[in-house]
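A.B. asks: For reference, the chains in residue letters:
There are 2 protein chains.
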Amino acid sequence: MSVLVVGSIALDTVKTPVEEHADLLGGSASYAALAASFFGPVRLVGIVGTDFPATEFEFWKSRKIDAQGVQRVDGKTFRWSGEYSWDLNTRETRSVALNVFENFQPALPESYRRTDFALLANIAPSLQSHVLDQMEKPRFVVADTMDLWIETTRADLDALLPRADLLILNDSEAREMTKETSLIKAGRKIREMGPRYVAIKKGEHGALLFGEDEFFSCGAYPLEDIHDPTGAGDTFAGGLGGYLAANVKGEVTFAELRRAVIYGSVLASFCVEAFSLERLRSLTKDEILQRYEVFRSMSQFEMSA
Amino acid sequence: MSVLVVGSIALDTVKTPVEEHADLLGGSASYAALAASFFGPVRLVGIVGTDFPATEFEFWKSRKIDAQGVQRVDGKTFRWSGEYSWDLNTRETRSVALNVFENFQPALPESYRRTDFALLANIAPSLQSHVLDQMEKPRFVVADTMDLWIETTRADLDALLPRADLLILNDSEAREMTKETSLIKAGRKIREMGPRYVAIKKGEHGALLFGEDEFFSCGAYPLEDIHDPTGAGDTFAGGLGGYLAANVKGEVTFAELRRAVIYGSVLASFCVEAFSLERLRSLTKDEILQRYEVFRSMSQFEMSA
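Those protein sequence lines, which keep their order, are chains A and B. Going by the working numbering, the letters in the first sequence line up with residues 20 to 324, in that order. Going by the working numbering, the letters in the second sequence line up with residues 20 to 324, in that order.
Only chain A is shown next, with the shape it has when bound in the complex (with noise of 0.2 Å):
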């Protein structure tokens, strides 16, 4: 089954204490789309402008991420720059030009109005739930968001968040929104705002997940060297999102959601690796599934023999 996936495509350049990059391809959507794709077909909603390559939507046609839903129009591509410091959990934005991103709202083409699953990767709460209006009641609808809404556009969130079945935000964001400093208590204070579910992304510590009466607490995949941390948190809601549209026929099940949370945090250790998209375009499913078995033999209380 297909993900529709919306949110922003960007052209980034990114510095690290060791290294710079310029008009690198990023943005939510491209991270979440492509983490998603390693599942199932994608079906893209965003917006990009002149300068941007085509042989991008070549590249997309490969992976089976359906990109009738970005639109091309004049003017120059959203861009965003940004540095990180030695210890790469801290960032500073160094600048942002919305560009064509400024007059975007999504439209949805009629082929993917049925689109069983949503997910809304990170962008303006508004424009998430201006797509939710043009589809046909989704089965499953996975929100991401940030500080930036949370502090500016806190109401457009609000309504947003009843018609959200699975809610993603990091660990100062819930603490932020809900003015708890216990992350159990932001994870249940979330859910009585209108999701059912909520997952708290903890960087390299893992994530939470939270259900009516259930509780997941998942590590991450340890890694040695880490290059770039942009689009981490957009792979992990990709690779989530992915996962669930893929193999889940019926009622999504906590234990389904487990399985998509492990599958988003290994997809978000590769992203790692590498500058950008590079170590997701060069992924392959058979190194997701060997990742996903060590990691869970490395996380086990028990082992079998």
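Calculated directly from the structure, the hints in this document are not laboratory data. Errors might be hidden in some of the hints.
All copies of an identical chain are treated as equivalent in the list; a pair is satisfied when it fits inside any one copy or across any two copies.
To be verified - Straight-line C-alpha distance at most 25 Å; calculated SDA-like pairs for lysine to any residue: (1) Lys80 to Leu302; (2) Lys34 to Glu199; (3) Lys204 to Ser104; (4) Lys156 to Arg194; (5) Lys221 to Phe294; (6) Lys198 to Ser100; (7) Lys156 to Arg110; (8) Lys204 to His224; (9) Lys221 to Trp105; (10) Lys80 to Thr303; (11) Lys204 to Ile307; (12) Lys156 to Asp244; (13) Lys198 to Pro36; (14) Lys208 to His224; (15) Lys221 to Arg310; (16) Lys221 to Asp244; (17) Lys80 to Asp244; (18) Lys221 to Leu167; (19) Lys198 to Glu321; (20) Lys198 to Glu102; (21) Lys304 to Gly94; (22) Lys204 to Lys221; (23) Lys204 to Gln90; (24) Lys204 to Ile245; (25) Lys221 to Val291; (26) Lys198 to His224; (27) Lys198 to Val291; (28) Lys208 to Arg158.
Remember, it's a predicted structure, so these values are computed and weren't measured experimentally.
Use these hints to put chain B onto chain A, whose structure you have.
C.D. replies: For chain B alone, coordinates are given in the frame of chain A:
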């Protein structure tokens, strides 16, 4: 089977942003011994002054903690005072008075020398070695350490490492000791310095366990309210060592070490729920087993139906 526990016994004054308490029982051996005693008998080695409450000796007796190895000498008990900031992860030492601890030379009663399991809780590595010198071939030696010894008595620590089967230290200490930012690289490097196994504690983010070709990543039991983090690391070591001594008859396998790390984490999660040893004093074995089960089920990758 018994476990020998050596370390500091102290009277602590602890201040958090919310509360302050004086003259609390503390010290690495106090926490480690009580944690270990939930699994089996303990042989305690330490030193106290004449101001040390006699009731504590009675309490130890009631818990099968043999205190023959605790010297009671003229002078005052070791005192420590510390203050935690809001996040409870960073603390500042306000004062330290070594008192009777200054000239401590651990002397093992004859009946202690053949103990199979030794837990060298956090004290100067020269004292840890001095205890091993008096033992007859313990089967498994767990040693805990801290930044102070890495910085001030590195040669003593290096001499101890090949005599330890498992070294325990926290994440920043592992990085400091190896000059590696990656904990995976740090864990491997420390193993090359002598100990067969290394456990790196990550505070509220769990622990990593390294063996020759084996690796275990353990989350932390998520807590809603933390009252006093003092002694959490010592309690982790005590739970781990106590579990091993009581449960491992033959060789200590990696599967048993995994379980020991989990029990250590469970004990530490109780420890921080109240000041000093208060929560551990009222704790029952049933509560430990229940939390182990909840922890296991919230951390499992695959759920059995």
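A.B. asks: Should Lys304 paired with Gly94 be assigned to within, between, both, or neither, using CA atoms and 25 Å as the limit?
C.D. replies: For Lys304 and Gly94, the Cα distance exceeds 25 Å both inside one copy (36 Å) and across copies (68 Å).
A.B. asks: Checking Lys208 and Arg158: alpha-carbon separation at most 25 Å within a copy, between copies, both or neither?
C.D. replies: within (24 Å within a copy, 49 Å between copies)
A.B. asks: Please sort Lys198 with Glu321 into within, between, both or neither, judging by C-alpha distance up to 25 Å.
C.D. replies: neither (37 Å within a copy, 33 Å between copies)
A.B. asks: Regarding Lys80 and Thr303, is the shortest C-alpha distance of 25 Å or less found within a copy, between copies, in both, or in neither?
C.D. replies: For Lys80 and Thr303, only the intra-copy Cα distance (17 Å) is at most 25 Å; the inter-copy one is 61 Å.
A.B. asks: Reference check for the pair Lys198 and Ser100, CA-CA at most 25 Å: within, between, both, or neither?
C.D. replies: neither (30 Å within a copy, 31 Å between copies)
A.B. asks: At most 25 Å between C-alpha atoms: does Lys221 with Leu167 qualify within a copy, between copies, both, or neither?
C.D. replies: within (18 Å within a copy, 29 Å between copies)
A.B. asks: First find the shortest C-alpha distance between Lys208 and His224 inside one copy, then the shortest across copies, and answer within, between, both or neither for a cut-off of 25 Å.
C.D. replies: Classified as both: same-chain Cα gap 21 Å, cross-chain 22 Å, threshold 25 Å.
A.B. asks: Quick one: Lys198 to Pro36, C-alpha cut-off 25 Å, is that within a copy, between copies, both, or neither?
C.D. replies: between (33 Å within a copy, 17 Å between copies)
A.B. asks: Regarding Lys204 and Ser104, is the shortest C-alpha distance of 25 Å or less found within a copy, between copies, in both, or in neither?
C.D. replies: between (30 Å within a copy, 20 Å between copies)
A.B. asks: Please work out whether the CA atoms of Lys156 and Arg110 approach to 25 Å or closer within one copy, between two copies, in both situations, or in neither?
C.D. replies: Neither. Shortest intra-copy (38 Å) and inter-copy (52 Å) distances fail the 25 Å Cα cut-off.
A.B. asks: If the cut is 25 Å between Cα atoms, do Lys198 and Glu102 qualify within a copy, between copies, both or neither?
C.D. replies: Classified as between: cross-chain Cα gap 24 Å, same-chain 28 Å, threshold 25 Å.
A.B. asks: For Lys221 and Phe294, with the copy left unspecified, which applies at a CA distance of at most 25 Å: within, between, both, or neither?
C.D. replies: This pair counts as within: shortest intra-copy Cα distance 21 Å, inter-copy 27 Å.
The structure fails to meet hints 4, 6, 7, 12, 17, 19, 21, 23 from the earlier list, while all remaining hints are met.
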